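With this note's numbering, the residue at position 35 of the sequence shown is 35, and numbering never jumps.
What the hints contain is simulated information worked out from the structure, not anything from laboratory work.
Among the hints, a few may not be true.
[As the list claims (entries may be wrong)] Straight-line C-alpha distance at most 25 Å; calculated DSS-like pairs for lysine-lysine:
hint : residue 1 : residue 2
1    : Lys-49    : Lys-71
2    : Lys-89    : Lys-79
3    : Lys-71    : Lys-89
4    : Lys-97    : Lys-85
5    : Lys-79    : Lys-97
[Claimed, not checked] For each label pair, taking beta carbons as the anchor points, the in silico distance ranges come out as:
hint : residue 1 : residue 2 : range
6    : Arg-22    : Val-94    : 50 to 56 Å
7    : His-51    : Lys-71    : 28 to 34 Å
8    : Asp-65    : Arg-111   : 18 to 24 Å
9    : His-72    : Glu-21    : 50 to 56 Å
10   : Ile-116   : Gly-29    : 15 to 21 Å
11   : Gly-35    : Glu-96    : 38 to 44 Å
12   : Glu-96    : Ser-33    : 45 to 51 Å
13   : Ser-33    : Thr-53    : 47 to 53 Å
14   : Asn-26    : His-51    : 21 to 27 Å
15   : Leu-100   : His-51    : 24 to 30 Å
The structure displayed is predicted, hence computed values, not measured ones.
Think of the CB as a built atom: it goes at the ideal place given N, C-alpha and C, for glycine as much as any other residue.
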Amino acid sequence: IIPTMSKPNSQKSYVKDGHYERFLSNCYGVDPSTGNPLDPSKQSIGTQKFHGTLDLFESSSRMNDCTHFIKHSFLPVLKNRDSSKTSVKNVVKVVEKTILPFMNAASSVSRTAARIVSPISQGGLTW
Numbered sequence: 001i002i003p004t005m006s007k008p009n010s011q012k013s014y015v016k017d018g019h020y021e022r023f024l025s026n027c028y029g030v031d032p033s034t035g036n037p038l039d040p041s042k043q044s045i046g047t048q049k050f051h052g053t054l055d056l057f058e059s060s061s062r063m064n065d066c067t068h069f070i071k072h073s074f075l076p077v078l079k080n081r082d083s084s085k086t087s088v089k090n091v092v093k094v095v096e097k098t099i100l101p102f103m104n105a106a107s108s109v110s111r112t113a114a115r116i117v118s119p120i121s122q123g124g125l126t127w
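Full structure from sequences and hints, please.
See the structure below:
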């Protein structure tokens with residue numbers, strides 16, 4: 001039999017008394033029932049970093065999609081000597097209209113998110 005430790009009676013449950021809800025709303029500006037900010041126009045540094053990190057993950061996922069497209073659709077058409085000019089033009093058009101604009105957008109999103117997430121973001125580094 002493994003002995004279990006129980007909570008000492010001196011510890012008070014702040015959740016039952018509503019202290020935790022007041023703590024969330026007063027100190028962090030979070031609505032305890034929804035978890036959303038009380039004032040959406042104000043964002044904490046932590047919230048900004050969280051959203052910047054989500055943007056980085058989203059860009060990374062889309063880059064993976066682009067890599068998959070290039071590897072499995074674009075390169076086989078270019079490497080195949082029997083590919084028609086029309087199929088090559090179609091693949092190049094897809095790259096020009098989707099892949100290249102995405103790469104520019106991903107670069108911008110990554111740069112912006114890195115400035116938010118970075119511990120040295122206030123230094124104004126530009127790349």
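Against the structure, the hints come out as follows:
A distance of roughly 33 Å separates the Cα atoms of Lys-49 and Lys-71; the hinted pair therefore is violated under the 25 Å criterion. Pair hint Lys-89 plus Lys-79 holds up; C-alpha atoms about 14 Å apart against a cutoff of 25 Å. Among the hinted pairs, Lys-71 with Lys-89 is consistent with the structure: their alpha-carbon atoms are about 17 Å apart, no more than 25 Å. At roughly 18 Å between alpha-carbon atoms, Lys-97 and Lys-85 fall within 25 Å of each other, so this suggested pair holds.
Pair hint Lys-79 plus Lys-97 holds up; C-alpha atoms about 21 Å apart against a cutoff of 25 Å. Range check, Arg-22 to Val-94: about 55 Å between beta-carbon atoms, so the 50 to 56 Å window is met. Look at His-51 against Lys-71: about 30 Å separates their beta carbons, and that is inside 28 to 34 Å. Evaluation of the 18 to 24 Å hint for Asp-65 and Arg-111 yields a pass: the beta carbon distance comes to about 20 Å.
Remark: the range hint 50 to 56 Å for His-72 to Glu-21 is upheld by a beta-carbon distance near 51 Å. Roughly 19 Å separates the CB atoms of Ile-116 and Gly-29, a value that falls within the hinted 15 to 21 Å. The supplied range of 38 to 44 Å is met by Gly-35 and Glu-96, whose beta-carbon atoms lie about 42 Å from each other. Distance hint check for Glu-96 and Ser-33: the Cβ-Cβ separation is about 48 Å, which falls inside the suggested range of 45 to 51 Å.
In this structure the supplied range 47 to 53 Å is violated for Ser-33 paired with Thr-53, their Cβ-Cβ distance being about 25 Å. Taken as a hint, the range 21 to 27 Å holds for the pair Asn-26 and His-51, whose Cβ atoms sit roughly 23 Å apart. Range check, Leu-100 to His-51: Cβ separation about 26 Å, and the 24 to 30 Å hint holds.
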